[in-house]
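**Q** Got chain A; can you put chain B on it based on the hints?
2 protein chains.
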Amino acid sequence: MRRQIITISREFGSGGRTIGKEVAQRLGVPCYDKELVKQVATETGLDEGYVEQKGEDAPGSSWLACAFSARGGQVGLNGLSVDDFLWAVQHRVIRELAEKGPCVFVGRCADYILRERQDCLHVFVHADPEVRADRIVRLYGESEKKPAKRLEEKDKKRRTYYKYYTGQEWGMSQNYHLCLDSGALGLDTCVDLIVGLAEKE
Amino acid sequence: MRRQIITISREFGSGGRTIGKEVAQRLGVPCYDKELVKQVATETGLDEGYVEQKGEDAPGSSWLACAFSARGGQVGLNGLSVDDFLWAVQHRVIRELAEKGPCVFVGRCADYILRERQDCLHVFVHADPEVRADRIVRLYGESEKKPAKRLEEKDKKRRTYYKYYTGQEWGMSQNYHLCLDSGALGLDTCVDLIVGLAEKE
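Line by line, the protein sequences are chains A and B. According to our numbering, the first sequence is numbered sequentially starting from 47. According to our numbering, the second sequence is numbered sequentially starting from 47.
Only chain A is shown next, with the shape it has when bound in the complex (with noise of 0.2 angstroms):
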């Protein structure tokens, strides 16, 4: 069967969303990212930029998640915490527009969440540190923190997130169909693999 869904997993830094994005367009079809953030947010009555933080962040630690928890602790949530109510319609979300056709997800344990279907490509992108932190310095500027700990901070809330809903060890290549290193390969070959594998009858 050919796997018309790929879902590209990363690190920070790594390149995998412009490798999901470059994919997408190589074949032709749509990348949810920054729209998959958008349509949650419009589905929660959430921020966008907190959707987008805390949909792949640790959960149960923001200042947020802990105001809404206060006032009630529900808020129209059917009883469960923001970070959990964010999950549920994610996961939602993520199912109903890969029933729309091929696309190509990046994030947002979409590799989990998609897990029984066939048709699925599941990848996961990853590149030494120094290599990660020379392009997230390049791509996003100089901040306080040096690059090293902004890696390490990025890397540890995305593999506390992945581990609490979906009991998986982030980044182990058995979750995946497909582990590439970056750095190693370049961006531009694991672009041509994953088309590759995608188009494969």
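Honestly, the hints are just simulated from the structure, not real lab data. Each statement offered as a hint is correct.
It does not matter which identical chain is meant; a pair holds if it fits inside one copy or across any two.
Restricting the straight-line Cα-Cα distance to at most 30 angstroms, the calculated cross-link-like pairs of lysine-lysine (DSS-like) are:
(1) K195 with K209
(2) K191 with K202
(3) K246 with K67
(4) K202 with K67
(5) K246 with K146
(6) K209 with K84
**A** Frame of chain A; chain B shown alone:
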């Protein structure tokens, strides 16, 4: 730089050895698997079967290692346990073989041992337990133990051995340039991908 040396680490029953042999044949280079065992056995004076089993198994647990240790703990091994002695020789032999030129290594922590070389492609091959169970029964026949149990025991030994000597998590994508689900992608596709990357300038 062209990746002339391929290391293939693999889950038991994933077809990693078959992939390694096929890649070596396609590239016209030697595949070090049994030959490596033979050379280590010759250099250590240990039995080939023992080297094969212990060269990837959890250290310190065998009766033979204990027996050696009991006999003065050294037995001409420069104060090392048999397991550590075997690791040291294996380590040296792998580095020497890599110096000889392009080749494929299957197993034996070659990815870790050669991690500082820039001309390597480090691959990890895995597959779902059901696929692997089916494969080991087909290749090695039935045994008293259920296939799932055989997989679990073998994987656990390899994981423990790898962790003990490398300090790293076996199968963690970050340790490899490329991780492949041979069950989902098929052995031929895995071979094609590896050969393609090895031949890339």
